[in-house]
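Take the two lone chains, each set in its own frame, and fit them into one complex as the hints suggest.
Chains as they are written, first to last, in my numbering: chain X, 1 to 611; chain B, 1 to 270.
Treat each hint with caution, since some may be false.
Okay, derived cross-link-like pairs now, BS3-like style, lysine-lysine, Cα gap no bigger than 30 Å in a straight line [claimed, not checked]:
no., chain 1, residue 1, chain 2, residue 2
1, X, 79, X, 34
2, X, 79, B, 235
3, X, 34, B, 235
No lab work stands behind these hints, which were simulated from the structure alone. All figures in this text were calculated on a predicted structure; none of them were measured in a lab.
Below are the chains, spelled out letter by letter.
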Amino acid sequence: MSALRVVMFGDVDAGKSTILGRLMVDCGYVPRQKLDEMERSSERRGVPMEYSFLLDAFQIERDQAITLDSSRIWLRTAKREIVFVDAPGHRELIRNLVSGASEVDAAILVISAEEGITAQTRRQALFLQWFGFTSVIVAINKLDLSAAPQARYEERAAEADAFLRGLEIAPLAILPVAAREGANLAAPGARTAWWRGNTLLAEIEAIETHRDDANAPLRMVVQDVYRRGATRWIVGRIDCGTIARGDALTFWPLRTTARVARIVRWPDDVERASAGAAVALELDERIFVDRGAIATHEDSGPTTGHAISAALLWLGERPARAGANLRMRLGTREIAVTIARIDETFEPEDGRGRAAEEARAGDIAAVTLVARETIAADPALPASSISRFILLDEGRVVAGGKVRAVAATVRGEGATNIVAARSSVGRDERGARNGHRGYVFWLTGLPSSGKSTIAMHVERMLFERGRHVYVLDGDTLRTTLNVDLGFTEEDRRENVRRIAAIAGIFADAGIVVLTALISPYAADREQARAACAAGFAEIYVRCDLETAEKRDVKGHYRRARAGELERFTGVSAPYEAPQRPDLVLDTTHESVEASAAAFVEFIERTIRHAE
Amino acid sequence: MERSHLPDDLETLESQSIYILREAFARIDRPAMLWSIGKDSTALLWMVRKAFLGEVPFPLVLLDTGMEFSEVYAFRDRLVREWSLPILNEACPPESAVDQSLPSAARHAARKTAGLRALLERERYRAIVLGIRRDEQAIRAKERVFSPRNADGSWDPQRQPPELWDYYCTEVPDGAHVRVHPLLHWTERDIWRYTQAEGIPFVSLYLARNGQRYRSLGESNITFPIPSEADTIEKIVAELATTREPERAGRAMDGESEDAFERLRAGGYM
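Next comes chain B alone, as it looks inside the complex (with noise of 0.2 Å):
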């Protein structure tokens, strides 16, 4: 039977996020995905088992500073039982491991990049999924959506190269990988329309209680909720047309200083 119809605008945006993902599988060796367990890379998640036809043809990553909700362990550990997901729980370095020239909050978020090194080095993958938007953030805009990395996972924002149509680089160094980013031309609510119209479930926290609720979901100690009455998913999509508050605006890193998403973003960060 058929299912009544996405929105057009969204069945656009779906069709090239599985356009891009069967790209990267067909392309390159060794493709692993990072889940956040976030709205973004849950609702990636949904588009990976449309492109495979039910299947997820690789391991999903969970960089784990073991600083997440406890709401966000009961969500995976459901999903990956009903889904039957291929997880791999990756723990990441302590803070004493990372820059200690990054503001403090920084330095939190600076775990998972070294985290991501390690298991880079250990598994040899040669594309890394994630779901991250240009409407995030300012850094993040500036993104391709296939962006290779230097062989320490670094990003060379001024040496990209250039992607005409849809012609993604997918030329990958010994070493070195390539960050694939399927869900670029998203915005954040075009995800939470698409979470609704498939419903895709998410982790409880995104919704209000007593007049608050997460926008954006990060490692607990760095991470706040934002004033909002929004408990219903049509609540967080009018929320968002009229907001003119930064999605990341719960986010501690980011604010920190001028270029500290700059810096971490340069050293690997997602």
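For reference, chain X alone in the conformation it holds in the complex (with noise of 0.2 Å):
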């Protein structure tokens, strides 16, 4: 079994290197001359015994008793090989603490008992988001320090829950330690006596990891090239999925198609490779590949465009703003991009986003990105290579990037070249007007399941009650806006993209929307969320077929079944039903009034303004 990769996060000063340093001492991993080394050290420096110059080798990090650049350390239990990458927590040091952290499996976020949660903390907090951690455990540390370390212990851990759920993050434990004494960091301790839960290090080596990257969709990224003799390999690591000889790949974002000749990992030729694997292919024709280029499986590729909404973890020393040109890199692909706007700020105080015009080192920003070329990329596939990039200037890493979705083609030359322009109102401040958020309530449902009678009935609702509401609907808008759209699936794409745009602006101004189409893809749904910057809620209303061809309002299901209508939802074209959305109205057994009465009280606290 693999080590597992474990960092450590937490402000300055929250005890995260004596963590380590004592729980490797009292693992017996360190030998008595380091032990030795480390007194010395400690002793030259005037400090008592000090666990964290186990990590903090340089003389700098020592001499002023902080950790500059992230380190690592292994410690192997009966149980378990552990990864520990200790990082320093310090704003200025971000580039150190993201090295460390953008290659593991868990994190450990240490909270001073003394300090409790501190802006740091948070910040720290918003990468665990980003970083899309889902394994973390919380240590309250310091509890030595404290008279009454129980009542103290159980008032952070529920500041730390209470703050990490709002967030999303679900952490596995939330533990008391005290980390000079050791107490519950190997062993159970006098000052935690009262804990009857794990201790970290069980806590730790109960940490499951195991992801079926294999079974994923393929993604392989091309790193080369090589020839030998006449054959051409080509080289790259299978990022997850499985390649079996044989198998017709496409090459993105070309799109151009051979089949697996030969797969060799030399000296030897194998049948099958899958996620994590070093390969070269020798494929069936000569086409065209080189670095830089994805391979896929013909029907799960990726999505490709000009544009790019991502979420940024921002490093540069200067503010990224609107109009800076910068390089991307995706995979093995380098690709000119232009950052068209700064959708938003995440604050560290609430993890909520805040209209900006600059995001500034260690800030997470919401951007759209764009590109003459056309650029392929996994919004939602984290396995894959091109779900992540980075961003470089001058030759500088100045940002870390999450593909949150890749937009339909910005059209004609010179797109790239667009700034768009800011509104001179803030979202907050129609909000304080208004009384309410603008927000997008995306219902999506099998033609028939009761999307348009909801949506109908809840503005009313809600107009009655003073909100500012308004619905679009899919065919409706088929008349008018999207009169030139048909029912393929590019269609359908395109259909929703221009709605989500329009219900974006709408949101943007304030208004609550409501938005009733079929929608029945979730990567266009997915897109659609990211297109609504102001808010987005995925509403779906469910029906059992056999219910919604019953009703069947339109006449459309019977004439689909005499084969009338192509293409039509349910019949003769799929719908991917929600994984997981926001909300679930039941129109199978739940009246309409019951339905409306449901989603009105959601809307209600969704849309609630901040004061």
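Below, the structure is given as structure tokens:
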């Protein structure tokens, strides 16, 4: 089993290095010679035994008693091999923190019981959210400094729990520790004798890391093409999925295709290779492939377009602004991009987005990037290299980014030079005047499931309550805005894109928007979410096919069954039900009134203006 | 035919190293690799041949102080012959030419730094591939996979660039170079398990004779054997599972003063 990789997060002086140093010592991992060296080094600096010196190896780190750069240390217990990444807590050292954190399985967030949740803790928690950690353990440290450790722990634990849940991070555990005394690290301690839960080490050992990357859609990044004799070898790494000999592959973004004639892990030929493997492929045809391409199976490719909405972790010394021309490294490709717009930055205080002109070092920002070249990226496949990127400015790394959506083509030459003008009135200001936020509630469901009926019902109810509300109905808009569109997958995508763009503008203007259209593809709905920066909730109007077909308000099901209507969702075109909708309205069993009431309650809760 | 598979964890480590090697080769002109002929850089050399389908597409440099063990030289000559390796034997300047304020064993080690600097000046290599690991030593634990060096070869650990996911820094200013560390994420025990599983040749000094073996091979004048009964790789792997002694305990230069290794590395040592 591969080593479990765990990164330490937390404010300066919360005790991250001390926890690790002491844990290693308590596990008997530190040789006498090294302990002596640490004791001498502590003595020389006039401090009691400093466990953090095990990791803080630089002279300047010891002199200033802080961690400057991330470090690694290995611990092998009876159950698990663990690699700890110790990272600095200072805001100025974020580049070192992120270097440690980008390739790990789990995070430990250390909070000092004395200080509680500090501004820097809040910022780092945003990073946890941005990195997408699902395994987070919270350690409330320094309980040895408290007269009433149990009460202090309970107070801090409740704070931490509420704060993290606000960011949609569900910690695996919130533990008390006293690192200097070794209490509750590898073994229970006197200071935490009242604690009935696990020790920190036991909690870490229990972390599950299983990811089924081999069965995910195939992504292979092409690193190079080597010529050996008459053969051209496509070399690269499989990020996820599996390649078998004979498979037809598509290479993006050019969309060239060929079959795999041989798979070699030198010096052996293999029949198949899976996620993680470095391979060399011979193809059955001479097609153009070079570094930067991504290979996939034909039916499950990435999303392409010229505009990417992304969540950036900005690291540059100069702030990010609209109009900046940067280089993007996405997979093994390098692409010139422009920041078209900074949509919002996320505040450490509550994790909420606020409109912003710029993003400073350490900020997480939602931005729109545009490129002249076609970009192929994966908004919803974390194992894929093209789900994440870095941005460079004159050769220096200025940001890490996660792809949230790839927008449809920005048409026309010169589109990459467009810089969006920013409204002079902020979203918060509009919210304050209206008494509620602008927001998009996106209803999706089968034909005749009740989307329009419910939307119209709720529109009336909200209007009576003094809300600014409007329904964008898919069928209605097909007679005007979308009159040029049909029902192919591509046209449906464009239909969703346009309605999402309008809904986003309405919501920005402070209006509560209800959209009612089938929007059958999950990926398109994700794009819609990204287009609605003011706020977006996916509402699944759930109705079983039999019931919907019995209703058949417009007679479409009957015609589809008779073969008169092509590509009819539910009959001759697919419907991808939401995996994690924000709200489900069950119209098979509920009355329109009951669904509407539940929906209004949900809307009112969501659009409440934060004072 | 398919050989018996490597254990999954070793296969993952190997694939990561191959990915790194191919990135270095694709993105940086004029790479070279340092081959100290020890267990780590020999395992790395094995992976280089895998990455490049049987070829070694850049020079292999031995920074030669003339003080290596005779077994090491014999091993070098054998592999160069058997694998047709593009070896470049670089003679290092004498001890009198290095920073005299360093402790005495560190001065011997610093000869290699001086040899490397001379080599870089002459050959203008832009990437130096080498087999250091993070678990060897606390200063090395802070290294990046791609670690830029200043024009004089020195390392500025306070200003390392961010390294996000596997987007490595490959921007090299004129006259400077990047150290490429494909084995950073391996442990000593991983290397031995891999060496065993793949049947990679190694210098016999690592195996115990008369109750002693070399755990880390440096110059013969500043490297000492450790007490050990491990006369097979299996026994080395078992020994490493329980030992609490640091790997470089037999390297005199590491323990001379608290900052000796940091000073060596800041000056450009491996």
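We went through each hint and held it up to the structure:
Taken as a hint, the residue 79 of chain X and residue 34 of chain X pair is honoured in the structure, with Cα atoms around 25 Å apart against an allowance of 30 Å. Taking the CA atoms of residue 79 of chain X and residue 235 of chain B, the gap is near 21 Å; set against the 30 Å cutoff, the hint holds. Straight-line distance between C-alpha atoms of residue 34 of chain X and residue 235 of chain B comes to about 25 Å, which keeps the hinted pair within the 30 Å bound.
The earlier numbered hints are all upheld by this structure, with none contradicted.
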